[in-house]
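Number of protein chains: 2
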Amino acid sequence: MEKKTWTQLWLDYKKTKTSEDLSFLTEIILHGFSEGHPVIQNTLSELQLGIGKILGAEPAVKPADECEGKADRGLVIIKDEELPEEGYKLKRTGQESVMLSASTEKGVLYGTFCLLRKLSLAEDLEDPDICTAPENPLRMLNHWDNMDGSIERGYSGRSFFFNNGEIIVNERTRDYARLIASIGINAVVINNVNVFGEATELITGRYAEPLRKMSEIFAGYGIRLFLSLNFASPIELGNLPSCDPLDPSVIRWWEEQMRTVFDNIPNLGGFLVKADSEGRPGPFTYGRNQAEGANMLAKVIKPYGGLVIWRCFVYNCRQDWRDRKTDRARAGYDNFHEMDGQFDENVILQIKNGPMDFQIREPVSPLFGGMLHTNEMLEVQIAQEYTGQQIDLCYLIPMFKEILSFRTYVKEQEDTVADIISGRTFGNRNTGIATVANTGDDSNWTGHDLAAANLYGFGRLAWDMNLTPEEIAKEWISQTYTLSPDAAKNVLWMLLHSREIYEDYTSPLGIGWMVNPSNHYGPSVNGYEYDRWGTYHRADHLGVGVDRTDKGTGYAQQYNEPNASMYNDPQTCPEELLLFFHRVLYRTRLKSGKTLIQHIYDSHFEGYEKAQELKKRWESIRDELPEDVYPRVLERLDRQISNAREWCDQVNSYFYRISGIEDEKGRTIY
Amino acid sequence: MEKKTWTQLWLDYKKTKTSEDLSFLTEIILHGFSEGHPVIQNTLSELQLGIGKILGAEPAVKPADECEGKADRGLVIIKDEELPEEGYKLKRTGQESVMLSASTEKGVLYGTFCLLRKLSLAEDLEDPDICTAPENPLRMLNHWDNMDGSIERGYSGRSFFFNNGEIIVNERTRDYARLIASIGINAVVINNVNVFGEATELITGRYAEPLRKMSEIFAGYGIRLFLSLNFASPIELGNLPSCDPLDPSVIRWWEEQMRTVFDNIPNLGGFLVKADSEGRPGPFTYGRNQAEGANMLAKVIKPYGGLVIWRCFVYNCRQDWRDRKTDRARAGYDNFHEMDGQFDENVILQIKNGPMDFQIREPVSPLFGGMLHTNEMLEVQIAQEYTGQQIDLCYLIPMFKEILSFRTYVKEQEDTVADIISGRTFGNRNTGIATVANTGDDSNWTGHDLAAANLYGFGRLAWDMNLTPEEIAKEWISQTYTLSPDAAKNVLWMLLHSREIYEDYTSPLGIGWMVNPSNHYGPSVNGYEYDRWGTYHRADHLGVGVDRTDKGTGYAQQYNEPNASMYNDPQTCPEELLLFFHRVLYRTRLKSGKTLIQHIYDSHFEGYEKAQELKKRWESIRDELPEDVYPRVLERLDRQISNAREWCDQVNSYFYRISGIEDEKGRTIY
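Here the protein sequences come in this chain order: G and R.
Taken in order, the first sequence gives residues 3 to 672; the numbers are from the numbering used here.
Taken in order, the second sequence gives residues 3 to 672; the numbers are from the numbering used here.
Worth double-checking, as some hints may not be accurate.
Pairs involving identical chains hold if they fit within one copy or between any two copies, as the list cannot separate such chains.
[Said to hold, decoys possible] In silico DSBU-like links for lysine-lysine, alpha-carbon gap of 35 Å or less:
1) K617 to K327
2) K596 to K327
3) K667 to K593
4) K16 to K120
5) K612 to K327
6) K476 to K5
7) K327 to K618
8) K64 to K593
9) K72 to K93
Derived by calculation from the structure, the hints in this document are not laboratory data.
Here the structure is a predicted model, which is why all the values come from computation and not from measurement.
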């Protein structure tokens, strides 16, 4: 086998000093599961690799009938039908025995990765006493990979799924599956939600062979393959004159096509659909609503157990900047809220975390509190489209935690976003969480080495939403690098402060969008101000911000009480979202006692300063870092500092020029 | 022959009612010129076509020996060695005879086109009494065509010179040559000044055959072919480690290469070079100055009579927007002024009309008054990169006239730009005028049908700089369309007001650059404000404009007196350039009595209104226009109106928001 040109990230098992002798783990007793099952095969390989490297001794499987699952030495893997489908139990059953029980092979796989993580982290195995199951039924990655090999909003090289119109299935496909299974991901969409050209043909026979192969590799790691679908396929592939979801000939075409797809790829999980969004075709074209579009597909694929994941990113992207009544933030709720209860059981609405588009600070989408009888999935984006593009460091797990713990007041309790997407709130089964992935074929997978913490963190958080950003970061650091406690603390500081730093030097107080149009990196305060995208800050010489209260666009009223009132009043609106909800004068005092304009100046200078501190901390631990990693990250930190300086100076200069108000501290503004 | 898919523009000879019977012109007597000379052949064909169509009777050539050039009936073409090289004389020598005399075949050709023009315009031939020679030695088109067939800043389709890495020589090449010869163009650069890829190889044997063919067609119309040159050719083609112009091996390489080129293409006129400009390689890389670079090439090609046309578009395109000392406007003068007298006789500096880059309003480049011992050529741009991109109507001849009549005060008299580029001021021979061309393979050549008036006008003006924009427009209209006097007046109104209208709704008072970066169409007030291109308006809540006086960047001091003082003082600075030279407060009163801000509001509303009037006038003459032309122009006028509205609203809103000053007339500003 060729030498791999890619790293193993957090699965780069290293010899670890454990507090006790765990060599008994090299004896594996398998009970109730077949050694030949693909998932068990992969589990055993992983144990071989992991235990072999961590403990420095190769494990071996002992025939289960020797001990009937009651061995007092070894790692005993045993079936327990009581446990939930993907759950597992890890228990110290004796001085020299650990029991891993699960009801399914997937549970065994997840339990195994948990055990290996504990070993890697040198955690105490005295009494692990873990009994866990994932909170989210679907834990999904959305890759925006195009079939030519490019990746929309990809910052880590090219696709490892596609090249030149062909599908790639190789050793890296397997490592990818291992990596994401180890953090609990169970579903993957491999192609861009914007489906065009050859990608439309993924549902034809043309790519059946490699897709089946890929889906089988994935299935061996408990992962279901999904595809993004072109709603206009009946026209583009079937030569039909329309793709009206209520047209019988269109439905017949889909039935025929879907029979073929599921015949070709029996493991296929279903489809992700971006319809009526940013120029993509959809039911609106035919005067049909979103439910009619989604349900048509859902009914067609129901016999195969397929899911339709329907994105709610529907808004008018041809807005007139002069128009202050239309509010893009309202669009998701306005388009979907009234259809609550109309979607089929195997349809899931995939809702972006905020009402706009993955800005560094947005309120949580009101749709989460706006639908009581609809399957919902949260969509976040670890691809750092608006958050530094894997040049600037931005550990996003703190943001995700905030989103998940947001109370929707849709019920008296169990009403957070986490509750809703886990299915707890309404007792539904088809729910979950998805992220736009941040991977590519760069050797380190994520371009910025530290951006792998977002991939790791997403998976871990999707499984257990009670984990803290700090716990997750510590886990990731320890498994990825071998550092002294002090050095690890520096990396931890970098990760945990990075989001705040990025927010400080970019757009202030939730207003967003002060970014270069089209490439979305670097500042352009007015870049979207006179454009068609519904993204305005409305700054003038007196103040800045959008009035989204009951006196403005009324967006705040899309929330349940007390959120609606809380956002509606500038006194109670969380300050970090002040300019999202309110137009505020530059001389208005914030809670800190500072004026708004002074806050803008201060936070930007501070963000730029702290960006420099990121670099200093990285330099301080140079000696402990792998030789290739240190300069690779350093180069990005340098680019981040330049970017932070541009942001700081441009935003401050813009507001200084428009307001005419001097910085109290007399720093240079241009 | 296939039906032509392109029009004949102003050479679409139509039957014309002449005031007297001119049928005697069908007898052509050729004396002193050989019927076999390519230029004479083409002249006779043109007479055949033109006289045939205009008078409706085919002309025939009578052997000259029959009459010894003293025929008393017919068009007598006769040699007169006294006349200047490209000049001619047209004289009524009798009731039934006209004499066209010239010293060269080119003179005959130009005289013939003059005669045909007079016939087309139904001008009196009683006593034409024309004795003319072109004012500018070089009258040149610069095509920015790439070898893949695209055209940089091209708005009229694709290249008719190149496609897919190959050169096109066909029937259209000949029509192109006819068209431009008819307006006096005598030199053409066919490839983009940014030379990359295959275009670098135009000087190798690879394209020798089609280039020779093309140059022969051109030569048949008195046109010399020029090529744009890649200064880094010794590296890219010759595999040399450097292209240092003082390196003997580099010089040897050029000598060898140039011998080949001139062997291959004996008619070749020379080379246009963009060096050390916007990322193009040049002598600066090797610590050499511009003269050292240009002279090296000039010496190498001198034996072949070749010219080096060296562009002066050298500036720092990586400026920091924070830096208020560096002034891009200064760069041309700063980079070239001190080298006056150092350039070889066969080097011509090609200087853009303004110090920036083809904005709708700029002062004339101070370089024209800054060099006494250097060959200079004026470069203008009829490709409407910043002036509406052949969507918006913008007849540029009035602008060119202003530039040409600008007094440089380099001498007491004969000191205008026209004087300098014609060679009158300093008695030099290698001078002239060039324009970036606006043609492409669109059926109508220039995308917007009315943009052909810029091509026509450029040629006519280059020949005779005393012509007025109105005379030229009238000529063009009459030769292009068959209109009633009223309808012709409407088209004339459209042309003559178009520049002012465009200026009114775009960036105010000479400040420029409020345009979308990269595509250069449509408004973006801050689009270049925080960028690296040296193009800033510096607007804040009090005022706008760049201080280029002696208290600012000192640019005004690059002019000779009294210009320097005139520009330096806001009281004497021409108001249309006020913001180019001065920072002005919004409440400052202009000569009209209006405040600056009110002027901005008024001119923008007015420009938008007048753009609508353009359309009304076009609609009013619908019945008289060719069926294909009317809707093609109408569609562009509609796009112009949308564009004008965007400009008007964005510029007004920007200045309203930043200044907080209300429009006195209470119109809607956003």
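Under a CA distance limit of 35 Å, which applies to K476 and K5: within one copy, between copies, both, or neither? Within. Shortest intra-copy distance 30 Å satisfies the 35 Å Cα cut-off; inter-copy 75 Å does not.
Given identical chains, is K72 near K93, meaning Cα to Cα at most 35 Å, within a copy, between copies, both, or neither? Answer is within; shortest intra-copy Cα gap is 13 Å, inter-copy 122 Å.
Give the relationship of K327 and K618 under a CA distance limit of 35 Å: within one copy only, between copies only, both, or neither. between (47 Å within a copy, 32 Å between copies)
Homomeric proximity label, K16 with K120: Cα distance no greater than 35 Å: Within. Shortest intra-copy distance 12 Å satisfies the 35 Å Cα cut-off; inter-copy 92 Å does not.
How would you label the pair K64, K593 (within, between, both, or neither) given a Cα cut-off of 35 Å? Neither way: K64 and K593 sit 66 Å apart in one copy and 99 Å across, limit 35 Å.
Measure nothing new, just compare the shortest in-copy and cross-copy C-alpha distances for K612 and K327 to 35 Å and report within, between, both or neither. Answer is between; shortest inter-copy Cα gap is 30 Å, intra-copy 38 Å.
Which holds for K617 with K327 at a C-alpha limit of 35 Å: within a copy, between copies, both or neither? between (44 Å within a copy, 31 Å between copies)
K667 and K593: within-copy, between-copy, both or neither at 35 Å Cα: within (19 Å within a copy, 41 Å between copies)
First find the shortest C-alpha distance between K596 and K327 inside one copy, then the shortest across copies, and answer within, between, both or neither for a cut-off of 35 Å. Intra 31 Å, inter 34 Å, cutoff 35 Å: intra and inter.
When the structure is compared with the earlier hints, a violation turns up for hint 8 alone.
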